[in-house]
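S.K.: Sequence:
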Amino acid sequence: MKLVSFGEDRIVGALDGEEIAVLDVATMREYFERGGADETGERIPLAGTRLRAPIIPTKLIHTAGNFREHEEESKQVGWSHEIAPWIVFFQNVDAIVGPDEPVVYPEHLTEELDYELELAVVIKKAGKWFS
3 MKLVSFGEDR IVGALDGEEI AVLDVATMRE YFERGGADET GERIPLAGTR LRAPIIPTKL
63 IHTAGNFREH EEESKQVGWS HEIAPWIVFF QNVDAIVGPD EPVVYPEHLT EELDYELELA
123 VVIKKAGKWF S
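The numbering of the sequence shown is my numbering, which starts it at 3 and goes up by one.
Simulated from the structure, these hints should not be mistaken for laboratory data.
Here are the computed lysine-lysine pairs in the BS3-like style, where the Cα-Cα straight-line distance is at most 25 Å: (1) LYS4 to LYS127; (2) LYS61 to LYS126; (3) LYS4 to LYS130; (4) LYS61 to LYS4.
Generate the whole structure from the sequences, applying the supplied hints.
M.R.: Right, dumping it as structure tokens:
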């Protein structure tokens with residue numbers, strides 16, 4: 003099942019072919035807290051619908067030098083400073099955007115942006131040795 007948030011009100015839905023089946027929850031967080039949700043019966047065409055970031059967390063804490071390869075890459079492209087492995091920082095949750103939304107940042111604060119690929123997988127049932 004592919005879950006989506008869409009529209010200005012961040013309505014929660016499930017993709018079903020070229021349609022979105024609206025789910026009976028107010029937020030994606032509520033969906034996970036309840037362990038799922040029923041369909042309302044309302045269907046929205048996927049075409050022309052503005053998809054949003056699926057879920058907006060309340061707080062994100064990161065470490066800057068988490069991955070040795072990423073640190074080495076930053077040295078090769080000539081960054082103005084090294085990534086210190088001991089730096090811990092908060093991420094502004096407004097930086098999380100949906101598909102085709104622009105990445106907005108205060109240009110007067112930085113000349114360099116870094117990239118990351120994040121992937122979340124939610125498994126409903128208990129198990130062992132997932133990979």
